[in-house]
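Enquirer: Each chain, written out:
2 protein chains.
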Amino acid sequence: MVSSASDAPARTPAPPYWAVVFTSVRNGADESGYARAAARMVELAQLQRGYLGHESARDASGLGTTISYWDSQESIARWRADLEHTDVQRLGRERWYSSYCLRVCRVERAWSFEARPGEC
Amino acid sequence: MVSSASDAPARTPAPPYWAVVFTSVRNGADESGYARAAARMVELAQLQRGYLGHESARDASGLGTTISYWDSQESIARWRADLEHTDVQRLGRERWYSSYCLRVCRVERAWSFEARPGEC
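Going down the list, the sequences are from chains A and B. Take this note's numbering: the last position of the first sequence gets the number 208, and nothing is skipped along the way. Take this note's numbering: the last position of the second sequence gets the number 208, and nothing is skipped along the way.
None of these hints come from the bench; they were simulated from the model. Just so we're clear, the structure is a prediction, and the values are computed from it rather than from any experiment. Incorrect hints may appear among the rest.
What the hints assert, rightly or not - Residues from chain A that keep clear of chain B, each with C-beta distances beyond 10 Å, as calculated:
(1) G138
(2) D147
(3) A169
(4) V176
(5) V195
(6) E202
Claimed, not checked - Just some of the chain A residues that point at chain B, by a computed CB distance under 7 Å:
(7) D95
(8) G116
(9) W167
(10) R194
(11) A203
Claimed, not checked - Covered by chain A, according to a simulated footprint, are these stretches of chain B (three or more residues, beta-carbon under 8 Å):
(12) 120-134
(13) 137-143
(14) 166-177
(15) 190-203
Ideal placement from N, C-alpha and C gives every residue a C-beta, glycine not left out.
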């Protein structure tokens, strides 16, 4: 099973491209069902046309952020409308989340840093 | 001291507005110095003109995301150039991060969900 966690910043192409910022608060219920669905959604997103990468973190406080990157708004709309995904969206509202916010953003500029071996 | 953590999605105005998505991997060093600086940066950002809110989560894996929201690119540029902030940016590269990625995004659409009491 693919993990829903990510352990490095996503490697994305030069801007512009698109980001979906999903910020959520878990209600603590059904941890195993939630974890299974989250992993499956990552697996499924990666198969979508236009998927560029994702980053995901959940704090000890319960707040989580998942940012997925896409080549176009059309790809985001297709992913949003995917049947298995809409099913899980409904379960999210019914079972797993106290609250969430979704933001669709156009990435205009990006830069990165990597510590060189032996730098510190 | 203000905590650098956030425990709910930020309450932001109707789009368009701007987001800075900061995704980082900690190297594990200097936890107390890092926590102090992170809390201070939240405190300082909240005082900046044009600050709209932020969301922050760090995973057990070490990957963290901090998303700050702003009214304009000019506000982001001012915050980036703040002297105390540029000092902490340098410390971040020298002491605390293995890698990071910064993305400046224009938020085009947003929607949210809150579970109603008694719904589930």
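Enquirer: Could you run down the list of hints and mark each one as holding or not?
Expert: Hint by hint, here is what the structure shows:
No beta-carbon of chain B comes within 10 Å of the beta-carbon of G138 (chain A); the shortest separation is about 16 Å. The beta carbon of D147 (chain A) is not kept farther than 10 Å from every beta carbon of chain B, the shortest such distance being approximately 4 Å. Every Cβ of chain B is farther than 10 Å from the Cβ of A169 (chain A); the closest lies at roughly 15 Å, confirming the non-interface assignment. For V176 (chain A), the non-interface assignment is confirmed: its Cβ lies about 14 Å from the closest Cβ of chain B, beyond the 10 Å cut-off.
Under the 10 Å C-beta cut-off, the non-interface status given to V195 (chain A) relative to chain B is violated; the minimum distance is some 5 Å. Here E202 (chain A) does not stay apart from chain B, with its beta-carbon only about 4 Å from theirs, under the 10 Å limit. With a cut of 7 Å, the hint placing D95 (chain A) at the interface with chain B holds, because the nearest CB-to-CB distance is about 5 Å. Interface hint at G116 (chain A): violated, since its Cβ lies 12 Å from the closest Cβ of chain B, which is beyond the 7 Å cut-off.
Because the smallest distance between the Cβ of W167 (chain A) and any Cβ of chain B comes to about 14 Å, over 7 Å, the interface hint for this residue is violated. Hint status for R194 (chain A) relative to chain B: holds, with the closest Cβ pair at about 5 Å, below 7 Å. The beta carbon of A203 (chain A) comes within 5 Å of a beta carbon in chain B, closer than 7 Å, and the hint placing it at the interface holds. Look at the stretch 120-134 of chain B against chain A: 0 of its residues bring a Cβ nearer than 8 Å to a Cβ of that chain, fewer than three, so the hint is violated.
Counting residues of the stretch 137-143 of chain B whose CB falls under 8 Å from any CB of chain A gives 1; the rule of at least 3 is not met. Check result for the stretch 166-177 of chain B against chain A: violated, 0 residues qualifying (beta carbon to beta carbon below 8 Å, three or more required). Only residues whose C-beta sits within less than 8 Å of a C-beta in chain A count toward coverage, and the stretch 190-203 of chain B has 14 of them, enough to reach three; the restraint holds.
The structure fails to meet hints 2, 5, 6, 8, 9, 12, 13 and 14 from the earlier list, while all remaining hints are met.
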